[in-house]
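Peer 1: So the sequence lines, in the order shown, correspond to chains A and B.
Take any residue in the first sequence, note its place counting from 1, add 10, and you have its number in the working numbering.
Take any residue in the second sequence, note its place counting from 1, add 92, and you have its number in the working numbering.
Derived from the structure by calculation, the hints contain no laboratory data.
You may find that some hints are simply not true.
Said to hold, decoys possible - Below, simulated BS3-like cross-link-like pairs (lysine-lysine); rule was C-alpha separation at most 30 Å, straight line:
| hint | chain 1 | residue 1 | chain 2 | residue 2 |
| --- | --- | --- | --- | --- |
| 1 | A | Lys319 | B | Lys167 |
| 2 | A | Lys340 | A | Lys319 |
| 3 | A | Lys440 | A | Lys528 |
| 4 | A | Lys204 | B | Lys161 |
| 5 | A | Lys13 | A | Lys208 |
| 6 | B | Lys157 | A | Lys306 |
| 7 | A | Lys76 | B | Lys157 |
| 8 | A | Lys340 | A | Lys208 |
| 9 | A | Lys319 | A | Lys208 |
| 10 | A | Lys76 | A | Lys13 |
| 11 | A | Lys152 | B | Lys97 |
| 12 | B | Lys167 | A | Lys186 |
| 13 | A | Lys208 | A | Lys239 |
| 14 | B | Lys157 | A | Lys186 |
| 15 | B | Lys167 | A | Lys152 |
| 16 | A | Lys567 | A | Lys359 |
| 17 | A | Lys214 | A | Lys239 |
| 18 | B | Lys161 | A | Lys152 |
| 19 | B | Lys161 | A | Lys319 |
| 20 | A | Lys567 | A | Lys491 |
| 21 | A | Lys519 | A | Lys567 |
| 22 | B | Lys231 | B | Lys157 |
| 23 | A | Lys204 | B | Lys157 |
| 24 | A | Lys319 | B | Lys175 |
| 25 | B | Lys161 | A | Lys186 |
| 26 | A | Lys208 | A | Lys234 |
| 27 | B | Lys157 | A | Lys319 |
| 28 | A | Lys76 | A | Lys440 |
| 29 | A | Lys528 | A | Lys516 |
| 30 | B | Lys175 | B | Lys187 |
| 31 | A | Lys306 | B | Lys175 |
| 32 | A | Lys340 | A | Lys306 |
| 33 | A | Lys204 | B | Lys167 |
| 34 | A | Lys214 | A | Lys234 |
| 35 | B | Lys97 | A | Lys319 |
| 36 | A | Lys76 | B | Lys161 |
| 37 | A | Lys208 | B | Lys157 |
| 38 | A | Lys319 | A | Lys306 |
All values reported here derive from a predicted model rather than from experimental measurement.
Each chain, written out:
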Amino acid sequence: MKKTGAQIVCESLIAEGVDVMFGFPGGVLLPFYDTLPQYPQIRHILVRHEQGAAHAADGYARATGKVGVCMATSGPGATNLVTGIANAYLDSVPMIALTGQVARPFIGKDAFQEIDISGITLPITKHSYVAMDTGSLAQIFKEAFYIARSGRPGPVLIDLPKDVMTDQAEFIRPDKVDLPGYKIPTHGHPTQLKSASKLINEAKQPLIIAGRGVIISGASAPLKEFAEKAQIPVITTLLGIGCFPEDHVLSYGMAGMHGTGYANKALENCDLLIAVGMRFDDRVTGNVDAFVPNAKIIHIDMDPAEIGKNVRVDVPIVGDVGAVLHAIEKMIESSRHIDWIQQLDEWRKQHPLLDIHDSAGLLPQHIIHELYEATRGDAIVVTGVGQHQMWTAQHYIFHEPNTFISSGGLGTMGFGLPAAMGAKVGRPDKMVWLIDGDGSLQMTIQELATLVQDNIAVKIAVMNNGFLGMVRQWQDLFYAKNYVATPLSCPDFVKVAEAYCIAGLKVTKREEIRPAIKKAMEHDGPFLLNFMVEPEENVYPMVPPGAANIEFMERPKKEVSAWQRRSTP
Amino acid sequence: MATTKHTLVAIVNDRPGVLNRVVSLFRRRGFNIDSIAVGHSEVPHLSRVTIIVNGTTATVEQVRKQLDKLIDVVKIFDITGDKLTGRELALVKVKANSATRSEIIEIADIFRANIVDVASDSLTIEITGDEDKIESMLKLLQGFGIREIARTGRVAMVRGNLGVMRKKEKPARTRAKKPVTKE
Ligand SMILES: Cc1ncc(C[n+]2csc(CCOP(=O)(O)OP(=O)(O)O)c2C)c(N)n1
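Using the sequences and the hints given, assemble the complete structure.
Peer 2: Take a look at the structure:
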C-alpha cells in the first residue's frame, strides 16, 4: 500500500526507535504535523525556539546514548537550528535534524522562506540529504540514522520539500545500508597495539587522558580495567568527565585551562601519555609546543583525521576505543608505579582544588559541592557556558558516564536549559540539575514554558553573579579590570519562573543553601533556585591563554581559606 | 615547512553537491586549489576528481583524511610520491596572419600539438602534455599575441598494472571492509 512522504517519515522514525522529537512547526511542515497524530508512539515536544529543539535533541542524545531528533520549518526555522547543529557536530553527538523545505518546483527561486539549509550546514554536519523524491525517503532515513550513530557520531540533516511529504510511494524499509565511502574503524592494527603495549610496559611515569570518545564507545569498563591493571593515573578532558569515576584512587580530575594543578603537573612530568578518545583541543593542551614535553604519546581514537592533527603522535591507534583498550589490557603486564602515584598525591596536597577564599557571601563552589552532597553524585548535571560550567566540572564529583552534559567544542551559552530538558525527557528516572549562569540562562530562557507545558521536572540552579562572569574574569586578569559589556542587569529570576508557573526561591546566605536544595528536590516538578553569588569570584586554577599548562595560575595566597572538600579521597 | 605540489585523486559518488563538499574542505583549511578536474571513472555512478594543491605534506595529509571522512568520497589517494602519468589539455587561440601562420604551425608541430581551428586572423591550437610542456609552448607563442587560453587542469594515473582503486592503504588506518548493517 502506498503511503505519503509524511507517513514514511513517521514510520521510518519509529523503525529507528525514535519515541520523542523536539520541533516547531511552519507552513511547509503542515503535511507532517497533520500526519503526526496517526503515530502516537512519537511524542512531539513543542519548543519555544528552534535552537532549543536542537539543544534538547543534543541533551537527550548525550543522556541516553540514543540519536536525538529535532525538526524545524524552512527558512528561519532551519537557520535557528544552526547553532545547535554546530554544537552537536563539535561534540560528536548523534542527531537527526529534519528541516522543512519549499516544494520542489519552488526550489532555487528564492521562494518565501526558502533557504539553502543543506549548503549552510555543510561544514557542520556529518552528512546531509535533500530528499528530492518520496520513494527515496526510506533509504535516506535508514542511512541517516546509521551515519549519525555509528563511528564518530554526529548530526545528519535531512531537508524535506513540502511536496515530497504529500506525494505517495511504497514504503519498503531497506534492511541494510550500503555505503562504500563510509569507513568505520574497529580494532586497532596489531603492530600498533604491540608497539603501544611495549611503551606502556616500559613507562615509569605513564598517564592516561580520557575524553568523550570513551563515553561514546561505552568504554568505561575497559578503561578502568586497563588503568587498574597497569596502575596508571587517569585525568580527563572536560567532555571526558564521568568516563572514569572521579572518586577512584587513580582519578586526578580534569586537565587543561581550568584543570587541576596536579593534573597539569602530571602532564608536564609524565613520560608516556595515553590519549584515549580525545582530540587535543587547545583548551586541554595549552601552548601545544610545550605540551607533555617529556612524554611519548599513544593516541587511540576512532577518527583517523584526529591523529597527528594538533600534536605529534608516537603510536597512533585508529579503532573503537573500547575494543582497543580491551586488547591492550590483555597484552600489558601488571605494574605498580608507586613512586609516580605518590608524586601525584603529593601534588594533590600542594595544589588543592578548593582553595576558596573566606567569604561572607555565597560562593558557587560551595553551592555545587552542596548539590553534589544532596544528590549523592547521582544526578545528571547540565551546564551553560562560563565560570559556573568550570566550577561544576571541578566541584561536582561524577561517577558515571553521560551524567555531565556540557557544551565543550562550541562553548554555546544557552545550551543549558534546553539540553537539560532533553536529558530529563530521555532519563525521566534521573534527577536532572541545570547549573546555569545568569547570562547563559537568558539566551534560551523561553524554554521554561516548554518545561511547564510538557511537565519536564528540571531543577535549575542559577549562579547569579550579575556579570558575564567568565569574560569578566579575563577582563580582570588580562585587561586591567576594564569591565566593558560584562555587567549584566538581570530580571528577578524567581518572578520570571513564577510567571511561567514554575516555583522558585532566592538564596542569599550560605546557611540557606542546603534547605533550598532540599526544597527544590522535594518539589514535584521543575524548580528554580536563584543563588545570589559573589559577583567577582574567579575560577582557579587557570592556564593563561597561550601559556603552557604548567604555568597555571592559582588563587592569590591572601584569598585562600581553610575550607576543604570533604569528599576528596 | 616547505610546501610542494600534491596530486590527490578522489573517487566520489556522482551526486549533486558532492563537488561542493570536496571543495569546501579545501577552503576551510585555507588551501588554494591549483587545478581540479572532474569526470566519469571506470565505475558507473562514480566520478574521478584530480586535485592539484600546494601545501606541506602534513597539511595536505590532514585535508586528505578529512576528505576521506566525507560519505560521498569513496576513496582518496595522495599519489604525489608514485610514478605518475600526468596530462593536461589546453586550447590556445593565437593571433595569426599570412606572415606568421606557418611559423606558428611549426611551433605546434614541435610540441605535437594540433591545429583545431583556422580563422582569418587567428589559429586555435590543442596541446596535451604535462604542465611544463604546455608552459613552454605558451612561452614561444606569447610573441604572436595570445587571445585566449582554456586549460583542463591535470588528470593523473599511477603507472603499472593496478588501478588506483586497488591501491593498498596504510596500516594505521585499519578499518572494516565495507559497513553493511543488518537488523
Ligand atoms: C553564544 C555565546 N556568546 C558568547 C560567548 C562568550 N562567553 C563565554 S563565557 C561568557 C559569559 C557567560 O556568562 P554567564 O552565563 O553569566 O556565566 P558565568 O561565567 O557568569 O558563570 C561569554 C559571554 C559564548 N560562549 N557563547
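Peer 1: Sort out whether lysine 187 of chain B lies within 30 Å of lysine 175 of chain B, counting only the CA atoms.
Peer 2: With Cα atoms ~38 Å apart, lysine 175 of chain B and lysine 187 of chain B exceed 30 Å; violated.
Peer 1: Hint check: lysine 567 of chain A vs lysine 491 of chain A, CA-CA at most 30 Å. Holds or violated?
Peer 2: holds, 19 Å
Peer 1: Take a quick look at whether lysine 76 of chain A and lysine 157 of chain B sit within 30 Å of each other, Cα to Cα.
Peer 2: Cα-Cα ~27 Å, so holds.
Peer 1: Checking one constraint from the list: CA of lysine 306 of chain A to CA of lysine 175 of chain B, max 30 Å. Satisfied?
Peer 2: It is violated: about 35 Å lies between the C-alpha atoms, which goes past 30 Å.
Peer 1: Would the hint linking lysine 157 of chain B and lysine 306 of chain A be met if the CA-CA limit is 30 Å?
Peer 2: Holds: lysine 157 of chain B and lysine 306 of chain A sit about 23 Å apart, inside 30 Å.
Peer 1: Take the C-alpha atoms of lysine 340 of chain A and lysine 319 of chain A, compute the straight-line distance between them, and say whether it is at most 30 Å.
Peer 2: holds, 29 Å
Peer 1: Please work out if lysine 13 of chain A and lysine 208 of chain A have their alpha carbons no farther apart than 30 Å.
Peer 2: Measuring from Cα to Cα gives roughly 59 Å; hence the hint is violated.
Peer 1: Does the structure keep lysine 157 of chain B and lysine 319 of chain A at a Cα separation of 30 Å or less?
Peer 2: holds, 10 Å
Peer 1: Decide if the proposed pair is consistent with the structure: lysine 161 of chain B and lysine 186 of chain A, CA atoms, cutoff 30 Å inclusive.
Peer 2: It holds: about 20 Å lies between the C-alpha atoms, which stays within 30 Å.
Peer 1: Tell me if the straight-line CA distance from lysine 167 of chain B to lysine 152 of chain A falls inside 30 Å.
Peer 2: holds, 22 Å
Peer 1: Going straight from one Cα to the other, do lysine 319 of chain A and lysine 208 of chain A come out at no more than 30 Å?
Peer 2: Holds. Lysine 319 of chain A to lysine 208 of chain A sits at ~24 Å (cutoff 30 Å).
Peer 1: Is the straight-line distance between the alpha-carbon of lysine 76 of chain A and that of lysine 161 of chain B 30 Å or less?
Peer 2: Holds, at roughly 22 Å.
The structure fails to meet hints 5, 11, 22, 30, 31 from the earlier list, while all remaining hints are met.
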